[in-house]
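Novice: Protein sequences, first through last, are from chains A and B. Residue numbers for the first sequence follow the numbering used here, so the first one is 1 and each next one is one higher. Residue numbers for the second sequence follow the numbering used here, so the first one is 1 and each next one is one higher.
Just so you know, these hints were derived from the structure itself, not from any lab. Mixed in with the good hints, there may be bad ones.
What the hints assert, rightly or not - Okay, derived cross-link-like pairs now, BS3-like style, lysine-lysine, Cα gap no bigger than 30 Å in a straight line:
#1 158(B) to 158(A)
#2 139(A) to 158(B)
#3 202(A) to 24(B)
#4 64(B) to 24(A)
#5 139(B) to 24(B)
#6 24(B) to 64(A)
#7 183(A) to 158(B)
Protein chains: 2
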Amino acid sequence: MAGKKVLIVYAHQEPRSFNGSLKKVAVDELGAQGCTVTVSDLYAMNFEPRATRNDITGAVSNPKFFNYGMEAYEAFKKGALTSDIIDEQKKVLEADLVIFQFPLYWFSMPAILKGWMDRVLCQGFAFDIPGFYDAGFLKNKLALLSLTTGGTAEMYMKTGVSGDYRYFLWPLQHGALHFCGFKVLAPQISFAPEMASEEERKAMVASWAQRLKTIWEEEPIDCTPPWYFGQ
Amino acid sequence: MAGKKVLIVYAHQEPRSFNGSLKKVAVDELGAQGCTVTVSDLYAMNFEPRATRNDITGAVSNPKFFNYGMEAYEAFKKGALTSDIIDEQKKVLEADLVIFQFPLYWFSMPAILKGWMDRVLCQGFAFDIPGFYDAGFLKNKLALLSLTTGGTAEMYMKTGVSGDYRYFLWPLQHGALHFCGFKVLAPQISFAPEMASEEERKAMVASWAQRLKTIWEEEPIDCTPPWYFGQ
Numbered sequence: 001m002a003g004k005k006v007l008i009v010y011a012h013q014e015p016r017s018f019n020g021s022l023k024k025v026a027v028d029e030l031g032a033q034g035c036t037v038t039v040s041d042l043y044a045m046n047f048e049p050r051a052t053r054n055d056i057t058g059a060v061s062n063p064k065f066f067n068y069g070m071e072a073y074e075a076f077k078k079g080a081l082t083s084d085i086i087d088e089q090k091k092v093l094e095a096d097l098v099i100f101q102f103p104l105y106w107f108s109m110p111a112i113l114k115g116w117m118d119r120v121l122c123q124g125f126a127f128d129i130p131g132f133y134d135a136g137f138l139k140n141k142l143a144l145l146s147l148t149t150g151g152t153a154e155m156y157m158k159t160g161v162s163g164d165y166r167y168f169l170w171p172l173q174h175g176a177l178h179f180c181g182f183k184v185l186a187p188q189i190s191f192a193p194e195m196a197s198e199e200e201r202k203a204m205v206a207s208w209a210q211r212l213k214t215i216w217e218e219e220p221i222d223c224t225p226p227w228y229f230g231q
Numbered sequence: 001m002a003g004k005k006v007l008i009v010y011a012h013q014e015p016r017s018f019n020g021s022l023k024k025v026a027v028d029e030l031g032a033q034g035c036t037v038t039v040s041d042l043y044a045m046n047f048e049p050r051a052t053r054n055d056i057t058g059a060v061s062n063p064k065f066f067n068y069g070m071e072a073y074e075a076f077k078k079g080a081l082t083s084d085i086i087d088e089q090k091k092v093l094e095a096d097l098v099i100f101q102f103p104l105y106w107f108s109m110p111a112i113l114k115g116w117m118d119r120v121l122c123q124g125f126a127f128d129i130p131g132f133y134d135a136g137f138l139k140n141k142l143a144l145l146s147l148t149t150g151g152t153a154e155m156y157m158k159t160g161v162s163g164d165y166r167y168f169l170w171p172l173q174h175g176a177l178h179f180c181g182f183k184v185l186a187p188q189i190s191f192a193p194e195m196a197s198e199e200e201r202k203a204m205v206a207s208w209a210q211r212l213k214t215i216w217e218e219e220p221i222d223c224t225p226p227w228y229f230g231q
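I would like the entire structure built from these sequences, with the hints used as guidance.
Specialist: Dropping the structure here:
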């Protein structure tokens with residue numbers, strides 16, 4: 001939709017990868033709609049994943065005992081976080097929709113992307129205590145996980161060896177995105193592209209591009225417990 | 001137990017933290033039993049979390065298209081992974097029990113520790129295809145998650161805002177540890193130490209130390225779907 005702003009947080013090392021193709025068609029399709037699209041290409045940026053003292057410029061609040069969460073909160077309020085974090089926060093603030101594009105590593109995000117979550121979505125910026133879940137600060141924004149798996153769709157069924165794929169979505173969609181207030185759109189899961197034929201991969205990419213044509217008409221999904229696991 | 005070898009993979013920035021205390025009493029108690037205890041203090045090591053081309057020394061198999069999983073597998077087989085990964089793999093190989101000590105970040109591991117999982121537990125070392133879940137290569141080893149939470153135990157009940165804590169354990173215990181063959185011991189969850197009194201924190205630390213006295217008598221838990229969520 002024209003005028004909408006999209007941030008794609010992208011975590012793959014190889015531009016020619018299937019993840020790279022999914023990212024590219026999203027940039028193309030959303031751009032063709034007249035959206036402003038920004039991509040944070042984490043590996044290309046050599047994005048820092050570790051949550052450390054270095055994330056605070058200048059003096060910390062308590063030099064005797066380093067509590068990362070507290071120091072990041074205080075630094076956020078003073079505008080004293082490092083520029084890489086502040087830059088990402090600006091991109092998130094501007095965005096109507098944040099798409100996370102990544103291969104599933106150990107039922108979760110690759111560490112470089114986990115580090116983006118850990119460092120960018122800090123207290124004061126994304127949430128406060130209180131001010132989380134439905135009261136999270138990013139509640140006027142949409143988020144969407146577009147991920148690829150090594151395992152097949154069959155493995156990720158309730159009776160499969162890896163269990164229902166919705167089980168691994170829980171920490172990401174509820175614990176992180178919903179906690180910050182995001183309205184979460186249905187995930188885009190591209191199962192086992194490495195086991196697919198070239199034709200099948202093209203079809204999965206085309207399916208994503210097609211979905212994006214009507215992405216702004218979609219309703220958020222329900223991440224709230226305990227019904228989530230009742231399905 | 002005398003003669004047993006334990007690796008503690010520890011991810012906290014502050015030695016005087018509650019996590020630091022849990023790590024310290026584990027070192028003390030297991031050492032007193034006559035175990036050999038090794039600690040990988042990830043922040044102190046500035047452990048690299050990103051899975052990149054730099055993890056392979058020398059030539060990659062496919063210079064035109066970088067596939068991290070495949071290249072790490074090939075490098076593992078040739079002994080061509082970087083020394084930081086090889087060092088960690090040696091520690092894991094020697095260990096009878098691997099304890100992960102960390103604060104929960106977004107229902108999961110801090111990125112620095114996620115990066116340890118991503119880079120150390122590579123194909124060829126921890127598993128192969130086939131050769132995963134019960135056939136994972138680390139099947140003669142025990143693993144245990146000792147984690148702390150920001151949220152309270154009440155929040156992490158099935159009817160609480162964060163859902164049953166076992167839901168967030170799933171990707172870690174089943175998707176990662178069980179996948180590699182580890183027999184998983186019950187997690188040690190210290191809820192909300194920051195909200196506890198000094199006495200309550202001391203009691204939680206003492207409880208962990210006490211548990212470790214009989215850790216070698218414990219039976220692994222069942223991480224297998226779908227019964228895991230039936231309880």
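Novice: Sort out which numbered hints this structure fails and list those numbers smallest first.
Specialist: Structure breaks hint 3 only.
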